[in-house]
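Using UniProt numbering, read the sequence shown as starting at 1 and increasing by one per residue.
Some clues are possibly wrong.
Calculated cross-link-like contacts (lysine-lysine; reagent style DSSO-like; alpha-carbon spacing at most 27 Å) [unchecked claim]:
| no. | residue 1 | residue 2 |
| --- | --- | --- |
| 1 | Lys457 | Lys469 |
| 2 | Lys453 | Lys491 |
| 3 | Lys491 | Lys469 |
| 4 | Lys19 | Lys166 |
| 5 | Lys369 | Lys19 |
| 6 | Lys424 | Lys282 |
| 7 | Lys43 | Lys282 |
| 8 | Lys248 | Lys43 |
| 9 | Lys110 | Lys177 |
| 10 | Lys43 | Lys64 |
| 11 | Lys19 | Lys56 |
| 12 | Lys218 | Lys56 |
| 13 | Lys248 | Lys424 |
| 14 | Lys138 | Lys204 |
| 15 | Lys166 | Lys43 |
| 16 | Lys59 | Lys166 |
| 17 | Lys204 | Lys218 |
Derived from the structure by calculation, the hints contain no laboratory data.
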Amino acid sequence: MCGIVGYVGHRQALDILIKGLERLEYRGYDSAGVSLVEERDVKVFKCKGKVADLKKQLKGQDTKGSTGIGHTRWATHGAPNDANAHPHYSSDSKLAMVHNGIIENYGALKETLIERGHVFHSDTDTEVFIHFIEQVQKDNNCPLDEAVRLALNEVIGAYAIVITSKDNPGQLVAARKGSPLVIGVGENEFFLASDATPIIEYTKDVVYIKDEEVVLLKDGEMIITDVKNEVQTPYLQTLELELEAIEKGGYDHFMMKEIMEQPKSVADCLRGRVIAKDNHVKLGGIYNHFEDLLNANRIIIVACGTSWHAGLVAEYIIEELVRIPVEVEYASEFRYRNPIIGKGDVMIAISQSGETADTLAAMSLAESKGATVIGVCNVVGSSIARNSHEGAYTHAGPEIGVASTKAFTAQLTVLTTMALMLAKEKGSLTEAQLHDLLVEFENIPAKIEAVLKTDAKIKEMSALYKDAKNFLYLGRGFNFPVALEGALKLKEISYIHAEGYPAAEMKHGPIALIDEEMPVVVIATRDSSYDKVVSNLQEVKARSGRVIAIVTEGDALIPNMVDHVIEVPDTHEVLMPMISCVPLQLLSYHIAVMRGCNVDQPRNLAKSVTVE
């Protein structure tokens with residue numbers, strides 16, 4: 001959840017750290033801080049608030065130092081305040097550490113350390129962690145990297161840590177387990193970060209640290225060992241990410257930029273995988289385990305948040321086209337309910353970041369029971385990519401806005417490609433049916449582009465509803481998960497209470513909420529459920545509900561029944577969620593902006609949920 005940066009080399013570290021924190025602030029923005037080392041002096045500057053608040057605090061301070069670490073926090077242990085901000089000192093102030101993750105046994109460690117005379121100044125597990133490392137180093141009279149390795153054998157939980165040292169000013173020690181950390185390799189310098197976005201400006205050569213590895217960066221050398229003290233050979237990779245991809249590109253917010261990038265991101269997802277004229281559909285990343293998917297007893301999809309909604313759409317698509325039973329599970333609940341899973345089952349794990357802790361835990365359980373695990377994620381080298389048997393990347397490019405938009409349509413692109421690939425091999429579609437679907441699939445980027453041209457109209461409409469207290473979103477069939485996703489988008493960035501329901505379920509309770517003050521968004525595109533949705537619309541209007549309808553271009557019936565319509569291009573109902581979700585993204589964006597909300601950094605949220 002939190003963002004970590006680090007630098008050791010020949011440059012002044014502060015500018016690198018601050019710029020890195022600004023690029024990582026989507027991971028957490030409750031507080032921020034840096035530690036700088038200069039001539040055996042470890043300095044820490046930190047405060048509650050955003051990186052901008054930290055920059056104000058740093059004015060006029062002595063910020064020299066060519067070794068340093070930084071942190072932007074999403075609070076877990078302890079309230080967001082100056083004391084709980086990272087970095088945290090050891091008791092003798094010779095060490096300073098930043099940490100992402102949760103140490104589950106910190107309470108027991110803290111009691112022991114207090115008995116040995118340690119005094120704590122925060123409520124965090126991180127301060128306990130660095131005090132424990134300090135104590136281990138003193139007890140064993142060993143170098144810092146060895147003390148970290150020994151301490152990690154006693155620590156229970158998830159972590160990514162980086163430590164500065166007064167006694168070794170040109171050194172950083174780092175380690176990870178269950179939380180991402182990547183090293184950028186330059187000329188006699190190293191950059192560390194929670195993801196590659198702070199690194200790409202300086203180098204494209206990176207090493208992704210693996211779980212339970214300890215890294216020593218000193219004198220231009222990188223030494224990696226595991227918790228058993230066995231030296232590991234680093235695997236150097238080249239980033240394909242471009243600096244322009246992580247800038248706003250003239251937009252006011254990353255969220256709007258990413259909404260507008262969807263025609264390109266979907267096209268990038270399709271490139272080489274879908275060629276309609278040849279009836280070609282293939283995901284190379286699942287080739288070696290394709291037979292497992294094809295012959296699966298059932299497919300279990302695990303995900304969280306927006307990715308879970310993508311999984312729900314995939315359930316409808318796979319069962320419709322392939323006739324394999326599919327279950328969709330919240331990853332956060334999956335391993336806690338003693339699930340029935342085993343050999344012959346296939347799990348599809350979906351995550352934008354590839355680091356979602358709950359999803360990784362569900363994958364580990366499924367694999368231990370003999371199931372095949374397929375990963376679908378956006379970040380090359382992420383934990384889900386490494387820990388699944390095989391998988392597919394979404395190729396959406398960096399998504400900085402906390403509210404996921406282009407990642408959702410990219411996930412739908414990959415999952416639909418997977419379903420069509422299975423249907424082709426299984427013969428559950430005729431060649432003609434497959435061809436028609438692939439032609440429609442190739443046209444989706446252009447159809448999303450057409451929806452984006454309605455932005456000005458949606459903005460005008462948003463002004464009428466920005467002060468609403470509640471929203472209801474309704475959909476049926478393939479568009480029911482889109483209703484859930486639309487409600488989630490509005491909730492997370494505008495702080496308006498919103499609920500998504502199957503349209504037919506409205507009469508089983510939610511209809512009691514409808515009056516002239518209740519905006520109701522209905523996805524009413526022309527499909528096999530169209531007539532039923534029209535009936536549900538009439539039920540809403542009979543109770544004075546204010547209706548915004550998402551309709552197929554040329555619909556002559558529904559516009560006469562509702563308050564507002566947003567037209568989307570006609571397409572096959574299997575593919576419609578990739579189009580019908582877009583106006584809901586725009587609606588939530590404009591309402592949130594008009595309410596003065598920070599759409600890129602909504603309160604209490606972070607982009608990558610790497611803790612349980």
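These are the hints, each one checked on the structure:
no. : hint              : result
1   : Lys457 <-> Lys469 : holds (22 Å)
2   : Lys453 <-> Lys491 : holds (24 Å)
3   : Lys491 <-> Lys469 : holds (11 Å)
4   : Lys19 <-> Lys166  : holds (24 Å)
5   : Lys369 <-> Lys19  : violated (44 Å)
6   : Lys424 <-> Lys282 : holds (10 Å)
7   : Lys43 <-> Lys282  : violated (54 Å)
8   : Lys248 <-> Lys43  : violated (33 Å)
9   : Lys110 <-> Lys177 : holds (21 Å)
10  : Lys43 <-> Lys64   : holds (10 Å)
11  : Lys19 <-> Lys56   : holds (14 Å)
12  : Lys218 <-> Lys56  : violated (31 Å)
13  : Lys248 <-> Lys424 : violated (40 Å)
14  : Lys138 <-> Lys204 : violated (38 Å)
15  : Lys166 <-> Lys43  : holds (9 Å)
16  : Lys59 <-> Lys166  : holds (23 Å)
17  : Lys204 <-> Lys218 : holds (20 Å)
The structure is inconsistent with the numbered hints 5, 7, 8, 12, 13 and 14, although it conforms to all the rest.
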